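So the sequences go chain by chain: A and B.
No gaps in the numbering here: position 284 of the first sequence is 284 in UniProt numbering, and each next residue is one more.
No gaps in the numbering here: position 325 of the second sequence is 325 in UniProt numbering, and each next residue is one more.
Calculated from the structure, these hints are not laboratory results.
Note that this is a predicted model, so its numbers are computed, not measured.
Quick reminder that beta carbons are idealized off the backbone N, C-alpha and C, glycines included.
Treat the hints with care, as some may be off.
Derived, one-sided and incomplete: chain A residues facing chain B with beta-carbon distance under 8 Å [claimed, not checked]:
1. Ala25
2. Thr38
3. Ala60
4. Ile135
5. Ala189
6. Phe228
7. Pro242
Label-pair restraints from in silico Cβ distances [what the hints assert, rightly or not]:
8. B:Lys42 <-> A:Leu151: 39 to 47 Å
9. B:Asp230 <-> A:Trp275: 34 to 42 Å
10. A:Gly193 <-> B:Phe238: 51 to 59 Å
11. A:Arg202 <-> B:Glu225: 42 to 50 Å
12. B:Gly233 <-> A:Glu184: 55 to 63 Å
13. B:Ile95 <-> A:Thr55: 20 to 28 Å
14. B:Leu239 <-> A:Leu39: 23 to 31 Å
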Amino acid sequence: MSTSVVSAPRAVPARRRTRQMRHRASSAALTAFTWIVTLGFFFPVAWMVFTAFKTEAAAATSTPTIFTSLSFDRFAEVLDRGFGVYLLNSLTASVMSTVIVLLLAIPAAYGLSIRPIIKSTDALFFFISTRFMPIAAAIIPIYLLLQNFGLLDNISALSILYVGMNLPLAVWMMRSFFSEVPLEIVEAAQIDGANFFTELVRVVLPIVAPGIAAAALICFIFAWNEYFLASLLTSTMARTTPPFLGSFVDGRGQFLAVLSAASTLAVLPVVLAGWLAQKRLVTGLAMGAIK
Amino acid sequence: MTATDVTATAEATRQGAPGLPPREPRSEFGRRHKPELSAGQKQALRLARTLVWPAIVVAILVTQIPFLVTIYYSFQNWNLMRPGSRGFAGFDNYITVFTGGAFLQSLSATVVITGSSIVLSVLFGLGIALLLNRTFVGQGLARTLVITPFLMMPAAAALIWKWSMLDANVGMVNWGLSVLGVDPVQWNTDFPALTVIMVLTWQYTPFMMLILLAGLQSQSKETLEAASVDGAGPIRSFLYMTLPHLRQYIELAVLLGGIMLLQVFDPIAIMTRGTGGTKTLSYLLYERAFVGLEIGEAAAYGVITVLLTIIVASVALRLLFKIFSTEGAKS
Numbered sequence: 001m002s003t004s005v006v007s008a009p010r011a012v013p014a015r016r017r018t019r020q021m022r023h024r025a026s027s028a029a030l031t032a033f034t035w036i037v038t039l040g041f042f043f044p045v046a047w048m049v050f051t052a053f054k055t056e057a058a059a060a061t062s063t064p065t066i067f068t069s070l071s072f073d074r075f076a077e078v079l080d081r082g083f084g085v086y087l088l089n090s091l092t093a094s095v096m097s098t099v100i101v102l103l104l105a106i107p108a109a110y111g112l113s114i115r116p117i118i119k120s121t122d123a124l125f126f127f128i129s130t131r132f133m134p135i136a137a138a139i140i141p142i143y144l145l146l147q148n149f150g151l152l153d154n155i156s157a158l159s160i161l162y163v164g165m166n167l168p169l170a171v172w173m174m175r176s177f178f179s180e181v182p183l184e185i186v187e188a189a190q191i192d193g194a195n196f197f198t199e200l201v202r203v204v205l206p207i208v209a210p211g212i213a214a215a216a217l218i219c220f221i222f223a224w225n226e227y228f229l230a231s232l233l234t235s236t237m238a239r240t241t242p243p244f245l246g247s248f249v250d251g252r253g254q255f256l257a258v259l260s261a262a263s264t265l266a267v268l269p270v271v272l273a274g275w276l277a278q279k280r281l282v283t284g285l286a287m288g289a290i291k
Numbered sequence: 001m002t003a004t005d006v007t008a009t010a011e012a013t014r015q016g017a018p019g020l021p022p023r024e025p026r027s028e029f030g031r032r033h034k035p036e037l038s039a040g041q042k043q044a045l046r047l048a049r050t051l052v053w054p055a056i057v058v059a060i061l062v063t064q065i066p067f068l069v070t071i072y073y074s075f076q077n078w079n080l081m082r083p084g085s086r087g088f089a090g091f092d093n094y095i096t097v098f099t100g101g102a103f104l105q106s107l108s109a110t111v112v113i114t115g116s117s118i119v120l121s122v123l124f125g126l127g128i129a130l131l132l133n134r135t136f137v138g139q140g141l142a143r144t145l146v147i148t149p150f151l152m153m154p155a156a157a158a159l160i161w162k163w164s165m166l167d168a169n170v171g172m173v174n175w176g177l178s179v180l181g182v183d184p185v186q187w188n189t190d191f192p193a194l195t196v197i198m199v200l201t202w203q204y205t206p207f208m209m210l211i212l213l214a215g216l217q218s219q220s221k222e223t224l225e226a227a228s229v230d231g232a233g234p235i236r237s238f239l240y241m242t243l244p245h246l247r248q249y250i251e252l253a254v255l256l257g258g259i260m261l262l263q264v265f266d267p268i269a270i271m272t273r274g275t276g277g278t279k280t281l282s283y284l285l286y287e288r289a290f291v292g293l294e295i296g297e298a299a300a301y302g303v304i305t306v307l308l309t310i311i312v313a314s315v316a317l318r319l320l321f322k323i324f325s326t327e328g329a330k331s
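Please build the complete structure, drawing on both the sequences and the hints.
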């Protein structure tokens, strides 16, 4: 990698040429290495997708084959098992909880960042600290309460719990985005006679929209992928995708291709959304906390 | 309870920390004395409080109240199989927890699994971030592919790793090893903890990478070039310039990763079911409550888990506070 290696003194142009060539060679080697690491890292995902298109017999051979025959049969098989219902439940819980989180977190983050709150630090630390508590420590009362009210296996109840889970993170991320809004713009709007809601909706929200999108995406991903609460609090009606996938553990015999097809369908929405929004994801995760 | 304690600790840290850099006047953060407010500002303040309250109330209702009830349950003698025998138990549940032997094993499993996953994913994340921070052919595509494991549903990732990658007969890892002439390894049964750590590291490396890459990209190119002109090699400028610059990003990555990994449940439930040194505190609690139906004992585990998390959290919040407090000085 080192480009500053200087060999025996030679004529200047020749030396520069060797250095350039060496630089180019090491750069190409590094690029090749980067790609090997990248593909190695991505391999399990790619293999899952390949396997989803195979027959069970082809999937279960000990020597890997890329494609023996390409078929969508496994996907059809998974959907025949009622997988669509689980996907729909996941979608409902994720969207519902994300919308409620946004409705609660946008005003809160606004209040914490732009408006003068003396105790804003304490409120912020409170939010973060609720996220530190393992949800397992609250699960028994939650379970018994839902059981008493007949709300086990209920997608709305699950969504509310996801709100509790994601709200702190959303407030925390959004606060930092709201803090980036130049105070002058807000003041100018106030002088122009904008009332509070006009100010928030017309002036501030458009500026922080990318940040809100990032926070919403993170909340959606966490809700979509959540396993612990979903596996304990839902059974048939409101079962979401992760616990349904988890039930494959108990399956015996040949099922690798079906499992891969189900997993591919389950991860697809979030992976696509994450790919499309990756720049914002970075901003949301890192800059949101550091700036 | 938790919240108050952690907040109090953070508060103490904030006021006790000597020699903090002066804050920017605009920042609401850490303002210590009440400024004189005009009538309009007072109205704005009231409005601001009104805006924050709904979120706080929901957070309290959904997470804090159930925890208070958990504390109450932890002093109850209560097994769901024997509904009639419920009653006050004093500290019996806590004594059972500490004398039962499962607790210490579980604590060490949590430390080993969480700790090594964090360390490994930060190291790999840093390496990959450095590789991806160069300009090369297909940079964008490579970055897209690398972040994918973070987006994978943990349940799906655990299953794919268990059956497709690490299975003794048809797993790709064993196939790769057989090409190198190594005998097949029974990953799931012989090395359960390592199996879980591998999956967690794979899932969290992109998360760490995203944060660290953002850190690398916020470093000024001019400074690095100046260092290179002054004769600093890539290794020296990495050690003396890049690493110090990345410090707060690394702290943040460890903090956020720690919060998520401490609560990890899915890969354990799916891959090992708590066997072979993988019974973390969350899994143990789940087992006592939902398999053993020992509500009181499980609640005691819950309370202890939270107490331990508070200790970790206050250390982590101290780091976080450092991140916040340097924000004025940095730019």
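Hint by hint, which ones does the structure fall short of?
-> The structure conflicts with hints 1, 5, 12, 13, although it agrees with all the remaining ones.
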